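Residue-level listing of the chains:
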Amino acid sequence: MSAPAVTDAQLIARCLVGDDRHAFAELVRRHQSAVRGCLRRLTAGDAALADDLSQETFVLAWRNLKSFRQEARFSTWLYRIATNCWLMHARKRKEELLGDRADAIADDDDMPHLTETTLDHAHAASLKVDLERAMRVLSAPERAAIVQCYHNDLSHEEAAYVLGIPVGTVKTHVLRAKQRLKQAMAAWNPREGTA
Amino acid sequence: MSDERDAIRSGRVAAGDGTAVTTDWLDTVLADDAREHAGDYLADDGFTARVMAALPAPAEIPAWRRPAVAVLWGVAIVGLAFALPGAAVDVAREAFRLFSAKPFSLSEVAAVLALAGLGTWSSAYYAWKRV
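Protein chains in written order, with our numbering: chain X, 1 to 195; chain Y, 1 to 131.
Isolated chain X (complex conformation):
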């Protein structure tokens, strides 16, 4: 894909200098898919909630555009705002991410029996469903770390910027998250011989 004729930095400058809303609309168009996708991951597939939080993210971005110092990519800065929006929302709802849902997953009789699956596409679909469910077992910071490092393709340093925590803490969250995911998805472990 060819580079856009007008860069993000130029569009941001237009917003700041001339209060140019058309320029901001172009920025929204460019980044809406990435931000909404990231929030869908964080909200475990809740598209309506993800879109609400995405809208909040862009409104906050507009209000705080002056504070964007170009120290990171604009998309990374947006991820940071989006993650903060989601964390605040999670705190507000006092979402219990660790307790009941983990038990629910373990007790869920409707969980696909992966060993019985022979078709590749069914196998992949089951894995996808399991991964999405297992992600709900994670605490908010753990889930955020996995989403930033794997799905948003950020380095640990970039993830630390997005999450507003030290790099070491990001690594710890990723490690713990993977341990929990492995527990929740034990059936998929090839060494177990069940998947």
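No lab work stands behind these hints: they were computed from the structure. Predicted, not measured: the structure shown is a model, and the values here were computed from it. Virtual Cβ for every residue (Gly too), placed ideally from N, Cα, C. Heads up, a few of these hints could be off.
Heads up, incomplete: computed chain X residues facing chain Y, CB under 7 angstroms, no partners named [claimed, not checked]:
#  : residue
1  : Ala25
2  : Val28
3  : Arg29
4  : Ser33
5  : Gln55
6  : Phe58
7  : Val59
8  : Trp62
9  : Leu131
10 : Tyr150
11 : His151
12 : Arg180
13 : Leu181
14 : Asn189
15 : Pro190
Computed Cβ-Cβ distance ranges for the label pairs, DEER-style [as the list claims (entries may be wrong)]:
#  : chain 1 : residue 1 : chain 2 : residue 2 : range
16 : Y       : Ile61     : X       : Lys171    : 46 to 52 angstroms
17 : Y       : Val112    : X       : Pro166    : 52 to 58 angstroms
18 : X       : Val6      : Y       : Ala49     : 16 to 22 angstroms
19 : X       : Leu16     : Y       : Thr120    : 27 to 33 angstroms
20 : Y       : Leu98     : X       : Gln70     : 49 to 55 angstroms
21 : Y       : Tyr41     : X       : Asp46     : 15 to 21 angstroms
22 : Y       : Ala88     : X       : Asn64     : 44 to 50 angstroms
23 : Y       : Ala88     : X       : Ala5      : 55 to 61 angstroms
Since chain X is already given, all that's left is putting chain Y on it; use the hints.
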């Protein structure tokens, strides 16, 4: 993307002898899932329009405000000048006494005048921008 991340996401890292060995199965699962969604593009479907509608309204500054404030400043300055004629004369007299009593060089007087002018213009510019 760094080579290390590439390797992790592809589920393989290079062994000492140059052959590829598989990393743990969860890395592969996460990397595959991320790769699968990497190309997903969510259509706008009116999202941008909703965001633009939710932005705070632009601050409307009436066209008459700037000249009105400038006129008010002018009135205030003239008013002060008329209200305090004695003070202005006193300041001028004391300044003259200071200058005449002390042997200032021409360059020093010029520097003081330049500084005073600079200060005045800076204040006026700042006040104008604030309007």
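Hints, one by one, checked against the model:
1. Ala25: Nearest chain Y Cβ about 5 angstroms off; hint holds.
2. Val28: For Val28 (chain X), the interface hint holds, since the closest Cβ of chain Y sits about 5 angstroms away, which is under 7 angstroms.
3. Arg29: Holds - the Cβ of Arg29 (chain X) comes within 7 angstroms of chain Y, reaching about 5 angstroms at its closest.
4. Ser33: Result: holds, 4 angstroms to nearest chain Y Cβ.
5. Gln55: 5 angstroms, holds
6. Phe58: Check passed: Cβ of Phe58 (chain X) comes within 5 angstroms of chain Y, closer than 7 angstroms.
7. Val59: Holds - the Cβ of Val59 (chain X) comes within 7 angstroms of chain Y, reaching about 5 angstroms at its closest.
8. Trp62: 5 angstroms, holds
9. Leu131: With Cβ-Cβ at 6 angstroms, under 7 angstroms, it holds.
10. Tyr150: 5 angstroms, holds
11. His151: 5 angstroms, holds
12. Arg180: Result: violated, 10 angstroms to nearest chain Y Cβ.
13. Leu181: 6 angstroms, holds
14. Asn189: 6 angstroms, holds
15. Pro190: This interface hint holds because 6 angstroms falls under the 7 angstroms limit.
16. Y:Ile61 - X:Lys171: 46 to 52 angstroms: Given a distance of about 50 angstroms, which is inside 46 to 52 angstroms, the answer is holds.
17. Y:Val112 - X:Pro166: 52 to 58 angstroms: 54 angstroms, holds
18. X:Val6 - Y:Ala49: 16 to 22 angstroms: Once the Cβ atoms are compared, 20 angstroms apart, the range 16 to 22 angstroms for Ala49 (chain Y) and Val6 (chain X) holds.
19. X:Leu16 - Y:Thr120: 27 to 33 angstroms: 30 angstroms, holds
20. Y:Leu98 - X:Gln70: 49 to 55 angstroms: For Leu98 (chain Y) and Gln70 (chain X) the Cβ distance comes to about 52 angstroms; the hint holds.
21. Y:Tyr41 - X:Asp46: 15 to 21 angstroms: 19 angstroms, holds
22. Y:Ala88 - X:Asn64: 44 to 50 angstroms: 48 angstroms, holds
23. Y:Ala88 - X:Ala5: 55 to 61 angstroms: Since the Cβ atoms of Ala88 (chain Y) and Ala5 (chain X) sit about 60 angstroms apart, the hinted range of 55 to 61 angstroms holds.
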